[in-house]
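Chains P and F, in that order, give the protein sequences.
Following my numbering, the numbering of the first sequence begins with 138 at its first residue and continues without gaps.
Following my numbering, the numbering of the second sequence begins with 354 at its first residue and continues without gaps.
To be clear, the hints were calculated from the coordinates, so they are not data collected in a lab.
Treat each hint with caution, since some may be false.
Unchecked claim - Calculated lysine to aspartate or glutamate pairs in the EDC-like style (CA-CA distance at most 20 Å, straight line):
hint : chain 1 : residue 1 : chain 2 : residue 2
1    : F       : 377       : P       : 183
2    : F       : 395       : P       : 210
3    : F       : 460       : F       : 434
4    : P       : 202       : F       : 354
5    : F       : 392       : P       : 221
6    : F       : 395       : P       : 199
7    : P       : 180       : F       : 434
8    : F       : 384       : P       : 138
9    : F       : 398       : F       : 432
10   : F       : 398       : P       : 138
11   : P       : 202       : F       : 434
Quantities reported herein were computed from a predicted structural model and do not represent experimental measurements.
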Amino acid sequence: EVQLVESGGGLVQPGRSLKLSCAASGFTFSNYGMAWVRQTPTKGLEWVASISTGGGNTYYRDSVKGRFTISRDNAKNTQYLQMDSLRSEDTATYYCARHGVTTVRGVYYFDYWGQGVMVTVSS
Amino acid sequence: DVQMTQSPSNLAASPGESVSINCKASKSISKYLAWYQQKPGKPNKLLIYSGSTLQSGTPSRFSGSGSGTDFTLTIRNLEPEDFGLYYCQQHNENPPTFGAGTKLELK
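Could you put the whole structure together from the sequences, leaning on the hints where they help?
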């Protein structure tokens, strides 16, 4: 059974940092691209970042470029999201998601999701 | 970015009925649309991708149709476990973008 379990969320002040982790099990982690997707009541679901199977290629939404870093450790079956210079608008539930098996021009749907972890950016 | 507009925002139905949820893209996305179900306390579930391809494990009462800018998710013979939130997502062009969701409630 595919499982994705996020951790590392919490309350953080604006401008500070937080690192999310996602532990994967039930599949060969190194064979799949991975992503982070966030959700807020006002903006809904937003793709945040993606990483290729080996970690050599990373992609970000414009609003987090230069502040967030996605990475993975295939030996530990874990992906990460390092979030720096956090802003109030980064407050959201963050989901770890697995890329689907097919893609068009490198754009993915997401075939498995974690249950999410809450990040609150507030003073 | 491609804007995705879902309708209706809310939908009430009874078990056994059939419902349709619509998703409109701001530009053509060919056939590349996914549908997800979201329920409290559970991971989001991929139902359909590439417009009409059922994800493994998705019951056959779910179907997807459409191409270009207009897509529909149809659920026939609603079961009690089908009530929840549904989202569409285009996977044709980066960044992938989602609709605002449709809440399917028990009438």
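Hints, one by one, checked against the model:
1. F/377 with P/183: 17 Å, holds
2. F/395 with P/210: Violated: residue 395 of chain F and residue 210 of chain P sit about 26 Å apart, past 20 Å.
3. F/460 with F/434: 14 Å, holds
4. P/202 with F/354: Distance of about 16 Å is within 20 Å: holds.
5. F/392 with P/221: The hint is violated at about 30 Å.
6. F/395 with P/199: Violated, at roughly 29 Å.
7. P/180 with F/434: Status violated; Cα separation ~26 Å.
8. F/384 with P/138: Violated, at about 29 Å.
9. F/398 with F/432: 16 Å, holds
10. F/398 with P/138: Holds - the C-alpha atoms of residue 138 of chain P and residue 398 of chain F are around 14 Å apart, at most 20 Å.
11. P/202 with F/434: The hint is violated at about 39 Å.
The structure shown violates the earlier hints numbered 2, 5, 6, 7, 8 and 11.
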